[in-house]
Amino acid sequence: MMFTRRIKRTCISLFGLLLVPGKILNRSLSSFFRLLGSWWKDRQLKHLFWGTPAVFVGVGSLFMLLTAGAQSNSVKASSYLEAAQKSMDTQSFAASKLYFERALELEPGNHEAMFKLAQVANASGDEQRVGPIMEKLAPVDRPVYAEAHLWKAKWHFTHPQTNMQHHRDAENQLLLVLQLEPDNIQANLLLGEMYYTQGAMVEPPIKELVERCIKHLSEATKNPKVRKEYTLLLARSYARLNDPIKGARYGEIALQHFAEASRENPDDPDALYNWADAAMFLERYSEATALLRKTLQVRDQEKTRIGLAKVCVAWSDTLDRSTVAGRKQCFQLLTAALSAFPNEMSIFDRMISLLLKDDDLTKTAQQELLDNITNGHAVAMSHLILGVLAYENKDQKEAEFHLQKAYEQLPQAPVIINNFAWYMAHGTNPNFEQSLKMMNELILRYPEQQVFRDTRGFILLRLNRPEEAITDLELALQTHAGNPDTHAALAEAYQLIGMSELAIRHQQAAQKAAADIPVKPVGEFEELQKSPEKSE
Amino acid sequence: MTNPIPEALQGRDAKMIPERSPDPVTKVDAPVSSISWLAIGCVALGCFPILIAHFLNLVAKPHYQFAVLVPLAVWFLWSQSDWDITKPFSPIHPLPLLLLVVFGAGLAVSTNIWSPWLGAVCALFLVWPCMWWRGGWAAWEAGWRGWIVACTMLPLPFGMDEDLTVRLRGLTTKLTSHVLDVLQVKHLSYANVIELPGKPLFIADACSGIHSLYVLMAAAVFYAMWIQRSLIHTIFLVCATAGIVLWENITRLTVVAYTLRFKIDLSEGFDHTLLGGVLFCVSLLLMVSTDQFLMFLLPGEFFHFEEKNKRSKSRSTQNSKVQWTTALTLSSAFLIVAVLGIVRMPKTVAAEVFVPQLNLPQFGSEALPTEIGSFSFENYQTIQRVPGDPLGRDSRQWMYRYKNLSALVSLDTPYEGLHDLCECYHAIGWTIPEKRVIPVEELSSLSTYQPQTFGPVAEGHLQRELYGNALLYFSLAGRDGQVGALIKELAKGNSEERAGDRLRSFTNPIIGQGPGAASNAPYIQFQVLARTDGEFSEDDEELLLEFYLNVRDILISRCFPAETQNSPTAQKSGEQP
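Those protein sequences? They're chains A and B, same order as listed. At position 45 of the first sequence (counting the first as 1) the number is 45 in the numbering used here, and the numbers step up by one without a gap. At position 78 of the second sequence (counting the first as 1) the number is 78 in the numbering used here, and the numbers step up by one without a gap.
Among the hints, a few may not be true.
Here are the in silico distance ranges between beta carbons for each label pair [what the hints assert, rightly or not]:
1. B:446 / A:142: 39 to 45 angstroms
2. B:539 / A:397: 50 to 56 angstroms
3. B:231 / A:27: 23 to 29 angstroms
4. B:112 / A:27: 55 to 61 angstroms
5. A:123 / B:539: 27 to 33 angstroms
6. A:142 / B:539: 29 to 35 angstroms
7. A:374 / B:403: 49 to 55 angstroms
8. A:17 / B:232: 34 to 40 angstroms
9. B:362 / A:123: 32 to 38 angstroms
10. A:91 / B:538: 36 to 42 angstroms
11. A:27 / B:232: 21 to 27 angstroms
12. A:374 / B:365: 56 to 62 angstroms
Cut-off 25 angstroms, straight-line C-alpha distance, at most; resulting in silico cross-link-like pairs (DSS-like, lysine-lysine) [unchecked claim]:
13. B:186 / A:86
14. A:86 / B:199
15. A:136 / B:403
Per the computed footprint, the stretches of chain A lying under chain B, defined by three or more beta-carbons under 8 angstroms from a beta-carbon of chain B, are [claimed, not checked]:
16. 57 to 70
17. 93 to 107
18. 116 to 129
Simulated from the structure, these hints should not be mistaken for laboratory data. Idealized CB from N, CA, C, for every residue including glycine.
If we strip away everything but chain A, and leave its shape as in the complex, we get:
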């Protein structure tokens, strides 16, 4: 009985416990409704009326902030990019910079915005910002943004004090571009041109670089948008790679293209010039000279005159100089070249080698050179040739006169300085200090032209400074291996410092070279042709 009661009591208690949440809810609700009722009873609409402005402002502000929050960052960023581009187009760089920065704030990883910001910063004189942005977009160790890598490569190429390191950095940047965009035309073209300069324009050509050049130019020229003139570069590369068939094929394509372009724009001197260039590559010298003369009629440009002079020189190189007729034709061509562009230095060594023989042609040439001087045409070059000829003919007085006059006419021309300095060191009244000073200045201007070190080496030897002379002469020997004079000078220098074994070896090399190579030209203009300041 007791047990039953306990169970009954426990059940009631448990039931009571189960009802507790319901009771709490009931009380809460009733309190809430009582409160609500009380509020409803006590509320006064006049308070709501006077409170309306605050409610209005509060709701309005909330709505404004919610609207702002609902706008996606990418939508906002694109509107800023659009505005920035418009400002950039209208040269409003300050506004454009500000919009790009905001776009970047909204989309921090937007590489395009970053790149354009750098461009705008550069244009607005805030150059210091370009470096850090480009460091981020175009690092040296990994590809990030192709356009930035390309920009940086171009920056390296156009750096005012560009050197080999700049070229290596540019190459690295262009290769990074190709990692991101293997078909990038500009990167392929720039790499092709760079490898052409480094591999095909040196003697002997560096096969690996020429092959790389062909690879990139072939890739670029696949694209129909690429201008066909690059096929001429490709043709030249094949020619340097001893593949004349492909060279001729691509040369022909280039020639056809330029001819067509010239026909479309008959008054365009550039089209004519390019046509002539292709014709010259294909050794159609007659056609090339005719085209260049036509170009000169359209517009008399220095570039065209230089081209004509070069075609004449190249044509003259193909002629047989062992016959009198050949030498005559050669002389006529060189005279034509001299007439087209008197300062073209590549004419000089051809003319000297042609006129060293004492025959009628030499006399005729001398007369023509004197006529040039009289008529005020190609005065410096004529004096130089006459001076060197006089020096070779042991006429010191006349040599000094002509070389002095050549130097007065063109005091900045490297070939004139080189020859005049040489004469001053080797003439009747040698002035070693002055000639050394001139050569030092010249080498400062052209530090990579080892040929000038040869002249300075001789001068230093005359000044009894054999150690310095050896440094210069050995550098000169790197590009002029087998020059008997250089070997002889080195033999003398080593003898002076007591290294007789090396002296004997150089003496033997000099004798061997003299036997192998009959005459070396006095000028070293092949190298000068490659120099960017060759036309000076």
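Position chain B relative to chain A; hints supplied.
For chain B alone, coordinates are given in the frame of chain A:
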């Protein structure tokens, strides 16, 4: 017998007006009343010196200048309460006595160590015993509203008001930027700057809302107390007022930015002041409107529970002349505190408030030579900002260049004290991994520099993504030509030291507030910000430091021609505080 409540005030509104005290049962004697005033006078005298200092410190800051109105507001509220000393009470009741002793001791300590803020806190609590002497519980019940309003004269401690300013500035900038985006106003926002094409809007203290915030909050408290709102209503109203202040400042900036589209410049001058004034009035009206809305939301008794006068009836004792004499004796101890206050009061308290105007000569591009060392002059410009801008209200800037180094020379004025420029650059997005103050001894050892002006130089190595590296040199010269440099982080030390410093700031107040601290305000800042497209080499740093020192010498000689002519080497090294 009770005063009848007018019919018009019966009902809900009648509850908002305190019930008048019943008619006096026993009147307080006139001598007793005089004794109470005497006791209050003693306490007031004790508080007076340090309160003066506190008050001058307050009015020196623009955002606390409303403090001049607070005593009037308190007096107004107390005069409205109009209570009589009708009920008998003990003048040395334990509770007011405890307050008198504890805060009296606190006042003495704060006067001795000269901490105006702590003194003001003690003075505020000493108001309670004083109120007690004017009517016991009845006086407390009638006077607490005025006391709450008086509390608005107390700034936030531990430099929290400065922190609040910084946070408000950031919040205002961020929210304004959102609003401008909605309105399609193209802009850039960073730190405390909203930059529009060709027009950077620096959000200085004045624009950050700190001024309006304190003023409007004080107004909200006064308004709520005046119309006898409940505490909970007052709290809601004050919170809503903070929102209104934010709205006001966002609106101000948005209007300025938006109207610039139409070539109307409201960012400076009279128009800016007028706009601020109009918006302040609108904010006041909004605050009143918010109060009405709160009245609609919280109308019932539930939220108006404070209108009860239980204590006044429950405790009453007989006044006694002996007890009054005791109270007077105790309060007379405050006269000693008053004397102590006069002794400890710094002589420069007033000088800090009334900072003289800075009359610099007219500078132009020719103020600096075209060649300074290797650097060549490029251009010159002047910048005017709003008063209180951390980058200075007025700046004269000369741009120099050497190879790939650009150096921006800037003369910024005026500053109230030594100023850490690194903080400004940090606020606009630069990170400063390395900073230091170069002492005078190190500067003297520079090989090619012949010092004319002695003073340390602060150096900061700055970095910012997409901006690269920058090198910052700066120092400030006071009114007397004394040069100093400050890097707060170094002066403060690590976080533990900083926490300690905040506590010690009670005993070792901030610059210019301690005894004997002479103020040289206004200060002139000389800075050079150099930038390069790569890294700075050691040679670059040395070159720039020498350039900075030369520039500073020239500018100081132009700013203080008399001082440099009379005693060119008399300026001693300003120490980093």
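Consistency of the hints with the structure:
1. B:446 / A:142: 39 to 45 angstroms: holds (42 angstroms)
2. B:539 / A:397: 50 to 56 angstroms: Given a distance of about 55 angstroms, which is inside 50 to 56 angstroms, the answer is holds.
3. B:231 / A:27: 23 to 29 angstroms: The hinted range 23 to 29 angstroms holds for residue 231 (chain B) and residue 27 (chain A), with Cβ atoms some 26 angstroms apart.
4. B:112 / A:27: 55 to 61 angstroms: Check passed, 58 angstroms falls within 55 to 61 angstroms.
5. A:123 / B:539: 27 to 33 angstroms: holds (30 angstroms)
6. A:142 / B:539: 29 to 35 angstroms: holds (31 angstroms)
7. A:374 / B:403: 49 to 55 angstroms: For residue 403 (chain B) against residue 374 (chain A), whose Cβ atoms are near 51 angstroms apart, the range 49 to 55 angstroms holds.
8. A:17 / B:232: 34 to 40 angstroms: Given a distance of about 36 angstroms, which is inside 34 to 40 angstroms, the answer is holds.
9. B:362 / A:123: 32 to 38 angstroms: holds (34 angstroms)
10. A:91 / B:538: 36 to 42 angstroms: holds (40 angstroms)
11. A:27 / B:232: 21 to 27 angstroms: holds (23 angstroms)
12. A:374 / B:365: 56 to 62 angstroms: With Cβ atoms ~58 angstroms apart, the hint holds.
13. B:186 / A:86: Judged against 25 angstroms, a Cα distance of about 13 angstroms means the pair holds.
14. A:86 / B:199: holds (19 angstroms)
15. A:136 / B:403: Distance ~23 angstroms between residue 136 (chain A) and residue 403 (chain B) Cα, so the pair holds.
16. 57 to 70: The restraint on the stretch 57 to 70 of chain A holds, since 8 of its residues have a Cβ under 8 angstroms from chain B and three suffice.
17. 93 to 107: holds (count 8)
18. 116 to 129: holds (count 4)
Hint violations for this structure: none, all hints satisfied.
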